[in-house]
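Each chain, written out:
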Amino acid sequence: MTALTRRGFLQGTAVAAGGLVVGCASPLPPAPLAGKAQVSSFDAWLHITNDDRILLYADKVEMGQGTFTVFATLVAEELEVDPQRIEVRHAPANDAFKQPIQSTGGSASAAGRFIPLRESGARAREMLLAAAAERWDVDVEALRAEDGAVLHDATRRRARYGELAEDAARQKVPREVALKSPEEFRWIGGEFPRVDAAVKARGQATYGIDARVPGLLTAVVVRPPLRGGRVISFDATAATALPGVEAVFEVPTGVAVLATNYWRARKGAALLAAKFELPEGRRYDSAAMRAEHERLLREEDGNELRHDGDVGEALELAPVTLDVEYHTTHQAHATMEPMNCTVVPGEDHVDVYIGTQTPGIVQDVVADILGLSRSQVAVHTEFLGGGFGRRFFPDVPAEAAEVAKRAGAPIKLVYSREDDIANDFYRPATAHRLRGAVDADGHPTAWHHHLVAPSLIKYMVSRMGGAMGPEWLRGTLNALAGAAGSVLPGMLGPVLSHEGAQDQPYAIENVRVASTLWDPDIHVGIWRSVGHSNNGFVVESFIDELAHAAGADPASFRRGLLAEHPRHLAVLDLVVEKSGWGTSRKQNQGIAIYESFGTVMAEVAEVSVRGDEIRVEKVTCAVHCGTAVNPNLVRAQIESGVIYGLTAAIKSQITFRDGMPVESNFHDYPMLRMNEAPQIEVHIVPSNDPPTGVGEPGTPPIAAAVANAVFATTGQRLRELPLRLATTDA
Amino acid sequence: MIEFTLNGEPRAIEIEPETPLLWAIRDELGLTGTKFGCGIGQCGACTIHLDGEPVRGCLTPVSAAAGRAVTTIEGLDPDGEHPLQRAWIELSVPQCGYCQSGQIMSAAALLSGNAAPSDADIDDAMNGNICRCGSYGRIRAAIHRAAALREEEGSA
Ligand code: FES
Ligand code: FES
Chain A
701 MTALTRRGFL QGTAVAAGGL VVGCASPLPP APLAGKAQVS SFDAWLHITN DDRILLYADK
761 VEMGQGTFTV FATLVAEELE VDPQRIEVRH APANDAFKQP IQSTGGSASA AGRFIPLRES
821 GARAREMLLA AAAERWDVDV EALRAEDGAV LHDATRRRAR YGELAEDAAR QKVPREVALK
881 SPEEFRWIGG EFPRVDAAVK ARGQATYGID ARVPGLLTAV VVRPPLRGGR VISFDATAAT
941 ALPGVEAVFE VPTGVAVLAT NYWRARKGAA LLAAKFELPE GRRYDSAAMR AEHERLLREE
1001 DGNELRHDGD VGEALELAPV TLDVEYHTTH QAHATMEPMN CTVVPGEDHV DVYIGTQTPG
1061 IVQDVVADIL GLSRSQVAVH TEFLGGGFGR RFFPDVPAEA AEVAKRAGAP IKLVYSREDD
1121 IANDFYRPAT AHRLRGAVDA DGHPTAWHHH LVAPSLIKYM VSRMGGAMGP EWLRGTLNAL
1181 AGAAGSVLPG MLGPVLSHEG AQDQPYAIEN VRVASTLWDP DIHVGIWRSV GHSNNGFVVE
1241 SFIDELAHAA GADPASFRRG LLAEHPRHLA VLDLVVEKSG WGTSRKQNQG IAIYESFGTV
1301 MAEVAEVSVR GDEIRVEKVT CAVHCGTAVN PNLVRAQIES GVIYGLTAAI KSQITFRDGM
1361 PVESNFHDYP MLRMNEAPQI EVHIVPSNDP PTGVGEPGTP PIAAAVANAV FATTGQRLRE
1421 LPLRLATTDA
Chain B
743 MIEFTLNGEP RAIEIEPETP LLWAIRDELG LTGTKFGCGI GQCGACTIHL DGEPVRGCLT
803 PVSAAAGRAV TTIEGLDPDG EHPLQRAWIE LSVPQCGYCQ SGQIMSAAAL LSGNAAPSDA
863 DIDDAMNGNI CRCGSYGRIR AAIHRAAALR EEEGSA
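Residue numbers (our numbering), protein chains in the order written: chain A, 701 to 1430; chain B, 743 to 898.
In short, the hints are calculated from the structure, not lab data.
Owing to the predicted nature of the structure, the values given are computational and were not obtained by experimental measurement.
Using N, Cα and C, we set each Cβ at its ideal position, and we do this for glycine too.
One or more of the hints may lead you astray.
As the list claims (entries may be wrong) - Just so you have them, the derived chain A footprint on chain B, three or more residues with Cβ under 8 Å: (1) 756–763; (2) 774–781; (3) 784–798; (4) 814–823; (5) 832–840; (6) 854–860; (7) 871–877.
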């Protein structure tokens, strides 16, 4: 594992340092982007054509979080050109972008590319200046770059970047480039609109599901109701008699029906009379899980993750103690665009069209299944109709490759919404026992958190080796990863599941955090903000409980415990000011402060309660995310994260009975809608620090902010997600 | 053979009459701006206009379109410059963007019958459209903005 990580890191460094790809040596195929024009490549990201187009390959995908706009801004800032002039496209899967895996997640796109993409723009600018100096035989110092052109003021000469690109790409690559200081920023920090808004408002953006190639058949797969089930029999007669149904065959995951359109494939699928053998053994069940979670919380001590002071003694000595349990539930990602993948077999290569967070893994998995080398698999990343972590997992392209292998023809595998919800990698359901103590002065003296949670990496571990390492090692790496897949989760425990619990920031003398690994034996995975989505609810609800136990104002109570955390204090003060916290009219507010992905968020929710219905009227947010590359996009992401978390907090859950999810579509897995969406205000703490993530941090605090507001309004402390008021209280 | 106009063009397709318009439009006629989200009338991603009325493409059989006018996001405005589309761009409404064709088609139907919708009117008209990216606040603002744009231009 160490060797792998290290290799990936070194490769990543090579790309970041820009020494990898220069001039015509680019390993990438930019030609399709450029049409007939000649392309000069400055590095793997940046390409300029001789007809003056500036093309940028985004190696982080656009799934709504604004990557294209941010990437254009970062390059444009140093290249001295209007970001709107930069044409951004998804990068193909290519080893040039491995670091260590070509993937998008962890709210890391803007943060991770803040320096490298500016350096890319700055290097290209220097090379364009050098080319002009050479051409005009003048001192480079006498030149300046402005609005996509190089100017020589003394002679009033001007050359557009496109005219210089070819010569520029041949210049020596500067080893070091000076980047602008924040006061010099012209575009960074600006509010201009998203570069992808127009195509998306006109229905012209193409998502994976929109792929169209000649002879394409739509495939649907009828799967056994339980993962691991096996096809015993099916009858294709009725299906193949339908107009447009071209083929029915078995694949490892079920029975595939291929037809000339989706509707025909779906109709055929309904006529298969497929019989399955289901795996023996325990069938996952939400009620049984709950009982087991409660037993573990009460009987186990957990693996210690942190122990400061002596929690046992502090709990014994304190005049006021709390001992409570919190429970969270499974959630599906329910990306708006159902899962899909198009695989087009060619002579000696295949083309894959997909919206994915992991082009590198898709390439490797498809190559592996089809017996090809990675270089024979061209992954065309399309816009993602939502990702939220679901499109990190390569199960769908793997199934599509199996279908294409049998079909020998271009196929587009399309999930129904029911398939999508039944075959997700769900947010884990977790259980938490919290014990706390408050002394006679109202000061908290103990914090004891025991959580029961599964490993989130089990499935991914077995898929990542191939995409990280060199091609020739794939078999070995996959085998190793397979072994690691059974060992690592046990060793590492629920690594991602306890983030935010272990490192809660409050200055309390005696703290113990421990976890018990419990495997639900279903696919669980990374769901927007991952472990934080559950731990944000628990930690920020329980600190609120301690505040009330101490008879303190929840905002002041937190402030007293956050002296060592200036960014927490900054968002706390800002949200208190902007939300009118504590003013006499505001008896219906709840607050939560939480750090994730390097960003600190504070949220104040205002609720109203009618009968047993919780309505969230308004959410005021304050965020510290370092430099806001585009404050408009930062606000959009926080708004989005709040709605996403709120849906899970008050609307929906996935429950299991007999091993299968009970909910199947939006009628029984409802989403928050327009009439339920609160007014959301986002205030950004001004900062010149490097940017930190914004795609996920809006999500973790919202459930607690709402639960705390419900407590303030009704006196009911809700310790389970989704939040449900006791009906008798109405 | 079923005949209708699609974005003003006469079209005829040979297809099972119960095929939902969504799939006829996307898979047979090749216009992919209209999206599939749930297939059961719950999400609104497939919203199109039938003689100007908003309908769910996933639940409306192609036979219901016979002799009528079907409008999709691609045909809402010949230049893609409908006031809603301009407002959507100006306010950076789309995130992933997948739901937005349906949102805009629902909003267009609202605006065609109500030049200055209230927040409550917007709730009523837009409740059937899910945005998993949570762009509701911006959708609301953009509908108000589009209404204002139309008013300015109408009175100009
Ligand atoms: S796809 Fe038609 S309403 Fe969801
Ligand atoms: S913008 Fe992604 S679902 Fe609405």
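Going through the hints against the structure:
no. : hint    : result
1   : 756–763 : holds (count 3)
2   : 774–781 : holds (count 8)
3   : 784–798 : holds (count 3)
4   : 814–823 : holds (count 4)
5   : 832–840 : holds (count 9)
6   : 854–860 : violated (count 0)
7   : 871–877 : holds (count 7)
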